[in-house]
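> These protein sequences, in sequence, are chains R and P.
Take the first sequence: its position 124, counted from the start at 1, is 124 in this note's numbering, and no numbers get skipped.
Take the second sequence: its position 262, counted from the start at 1, is 262 in this note's numbering, and no numbers get skipped.
Please note: incorrect hints may appear among the correct ones.
[To be verified] The list that follows gives simulated cross-link-like pairs (lysine-lysine, BS3-like), each with its CA atoms no further than 27 angstroms apart:
no.: 1; chain 1: R; residue 1: Lys-65; chain 2: P; residue 2: Lys-156
no.: 2; chain 1: P; residue 1: Lys-280; chain 2: P; residue 2: Lys-199
no.: 3; chain 1: P; residue 1: Lys-350; chain 2: P; residue 2: Lys-156
no.: 4; chain 1: R; residue 1: Lys-65; chain 2: P; residue 2: Lys-338
no.: 5; chain 1: P; residue 1: Lys-76; chain 2: P; residue 2: Lys-65
no.: 6; chain 1: P; residue 1: Lys-178; chain 2: P; residue 2: Lys-156
[Unchecked claim] One side only, chain R facing chain P, incomplete, derived with CB under 7 angstroms:
no.: 7; residue: Asp-149
no.: 8; residue: Pro-173
no.: 9; residue: Ala-284
no.: 10; residue: Thr-316
It is worth saying that the hints were derived from the structure and are not from the lab.
None of the values given here were measured: they were computed from a predicted structure.
Glycine included, every Cβ here is placed at the ideal spot set by N, Cα and C.
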Amino acid sequence: MADLATLRKPAALSPARSRAGDRLGPKVRRNASAHGFLIGAVLCFCFFSWYPMCREVVMSFQKTKLGVTSWAGWANYERIFHDPTFWVAWRNTVEFTVLALIIGYAVPFFVAILLNELRHARGYLRCLVYLPVMLPPTSALLLFAYFYDPTYGLFNDVLRHLDLPVSQWVQSPGTGVPSMAMISVVIAATWMNMGGATLIYLAALQNIPGELYEAAELDGAGLFRKIRHVTIPQTRLILSMLLLLQIVATMQMFVEAFILTNGGAGVNNNTLSVVNLIYQYAFALSGASNYDTASALGVVLMLVLAVFSGGYLWLTRQPER
Amino acid sequence: MKGLNSRLHRRARRRQLAGITVVAALGLAAAACSSTPAATGAGGGGHVTISVDCAPPASAPQQHKEWNEDVALFEKQNPNITVNSIYENPCEVPASFTAMLDAGNEPNVFYTYFTDKNQVLDAGQAADITPYVTSTTVPTLKDIVPTALAAVTAGKTLYGLPTSNYTQGLIINRVLFKEAGLNPDDPPATWAQVEADAKAITRLGHGIYGYGDYSAGNNGGWHFSSEIDAEGGRMVNAAGTAASFDSAQGQTVLQALHTMRFVDHSMSPTQQLAWGTLQKQMAANKLGMYIAAPDDIYNVIVPQDGGNIGDYGMGPLPSTSGTPAGSLSGGNDYMFAKHDTPAQIQAGIKWLVFENLTPGQGFYNYARQKADGFPVGFPEPQLFTGATAARQQQVMDSSATVNPAYFSTFTNAHELAMGEPADAQAVYKTLDPVMLAVLTNPNANISQLLTTATSQVNQILANSG
């Protein structure tokens, strides 16, 4: 009984703890609302980002059979590495990324330069360039699916009127690099997404002091030398950040090829991407255990992108001043 | 100063409150997102509520109305049961179906294809209903086609009740046949006849093509299976351990399709088509023939795509001999969720018997279908044998609005139902690219395509064993 009474008695705080508590108390009270908001964001990240990522890693080492989940060791990883479509998917993904860099990275930059040079109707043209971004991706891609239709599509209609040979566009069977099917996907993706990048470039261009261009002109620089010696160095930070974001985004290409090929992967898998292969493992092939194989491929993709991003940031880090 | 302090204090308290509210709201949202069974079980007074999916949505007004009438009548006859209908079309989308099984939040009575059994069992989401199914609870049990019951049985355990069973044939557009100078009462039966008729129909011009087939959404592989069955081949061996479509029969089917596409140009250059597209072309009188089960006409082409019921007929599946060696047979069923209570399982069985397993009522209320202007008289679903099949035929004949002669060559072929291959959806998925290559690549190497697909399917079968 004596022990119980002791337990019920409020514990006396040591002077040191009491002082720390005194200091902590008002601080916590003062920042309670900030912590409240922070907890919300942290919970969101926990539930919707970090927990799924951790779960993915765990699942990649598991298998589920007859409702029973057990450890599978490296079996899921062995399965994906032995799947011939694994390497096809990586080749296609790299092909898409490179094509998207050549077309999708350069085009918005030059469009931004053009818009920056214009004196009239700049606002209208900016709206026009940004308009496709406001279309839901599925609608934009269904629109392109109609454009690309080999029988009734707009593009082949135009080619026929010009007496030029028509194309099968996304349904082209070629698997060479670059394939017509993949070029078609990149064109649609660029049209859909270039508005956002163009506006960011434009904002960066407008921050370049005019004196630099005036000085360059006095030194006799033409348009291309101004771009090379003034525009590119002055927007280097933005260019470098957008390059990283674009590569990470294009390596995760899914919806573009998925919709344009009606849920498939193109003729001879020529538009199959890594994320599409993850989708196929998880949903298109039967068997609940395929979630585990899909998780293994997801982990591989995450590691590749993490290593690439880390390497890229290290290579492009600013020198210490 | 005091006033300012007080205002700042009040503002701080408001912020604190706002912060707490945000956290509370997130907590509630997280709680709401947690998985819970889709419906309540037996409540007070023995009342039971069951959720049932695949109810026809309002976009199919006639079927929607009839379903709701049936639910009302059933609830009146069984006042202790409430049916919560989940309206959806299509009834199953593989991606969301897989996610649903993984989350374990399927409805109490949920729709599956025959090919889904292994996936549902692997996920551990089907309840054992064996003790609840007897000739008393399901009076037509002994007359259900054995292959359909086998599709919901594993070992000696019953996991569901079949509600549909089909074989496939060749749907023809009678209008285009007449315009092309062909006899629609004598649909083609051999691949050579199909090719000749398709060429004649394509010559009509105006974007009309003689023949169509799928090559996306697992439907390409599905049709290839049916076509190879008709030729006398099989997709996988009897043990379900190895692919067997790299055969003379497989070559024949793909060569016929390739010839129609690139030699005869009687198939459209637009390919990569999935289920739902050919039906629209047929309803718009732009397509002469394609392979399907009869329900494509009465469930899709006529009610959804606006086709005229008298414009379509059916022949047997094409084959080299003209007599199909068999047909892929498939169908769908309802299974019961693992989390169902015994009362919910019993109520679900009662509902299925009322709606799907008794000629003359529910789905088989042909008199009502006729009154609603719904076409009646198709040779489907082939779910029963014996006395129940005879009873179904009798009630159907008494309300038939369809000319049976238009379907006579299909029904007279008595195609042998072959069932679906092991790991069917994965096999179909693997064959989609083969169909797509044959229909889009003029230089497609059929042997090479079949060899590659064979090794892929062998790997799938090895992994699923």
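> Run every hint past the structure and note whether it holds.
Hint by hint, here is what the structure shows:
Proposed proximity of R:Lys-65 and P:Lys-156 is supported: the alpha carbons are some 19 angstroms apart, at most 27 angstroms. The straight-line distance between the Cα atoms of P:Lys-280 and P:Lys-199 is roughly 21 angstroms, inside the 27 angstroms bound, and the hint therefore holds. Restraint check: the Cα-Cα separation between P:Lys-350 and P:Lys-156 comes to about 22 angstroms, which is no more than 27 angstroms; the hinted pair holds. A hinted pair counts as satisfied when its Cα atoms are at most 27 angstroms apart, and R:Lys-65 with P:Lys-338 qualifies at roughly 15 angstroms.
The straight-line distance between the Cα atoms of P:Lys-76 and P:Lys-65 is roughly 17 angstroms, inside the 27 angstroms bound, and the hint therefore holds. A threshold of 27 angstroms between alpha carbons decides the hint, and for P:Lys-178 with P:Lys-156 the separation of about 52 angstroms lies outside it, so the pair is violated. Hint on R:Asp-149 holds. Least Cβ distance to chain P is approximately 5 angstroms, under the 7 angstroms limit. A hinted interface residue such as R:Pro-173 counts as satisfied when its beta carbon comes closer than 7 angstroms to some beta carbon of chain P; here the least separation is about 4 angstroms, so the hint holds.
With a cut of 7 angstroms, the hint placing R:Ala-284 at the interface with chain P holds, because the nearest CB-to-CB distance is about 5 angstroms. The restraint placing R:Thr-316 at the interface with chain P is violated, with a minimum CB-CB distance near 37 angstroms, outside the 7 angstroms limit.
The structure is inconsistent with the numbered hints 6, 10, although it conforms to all the rest.
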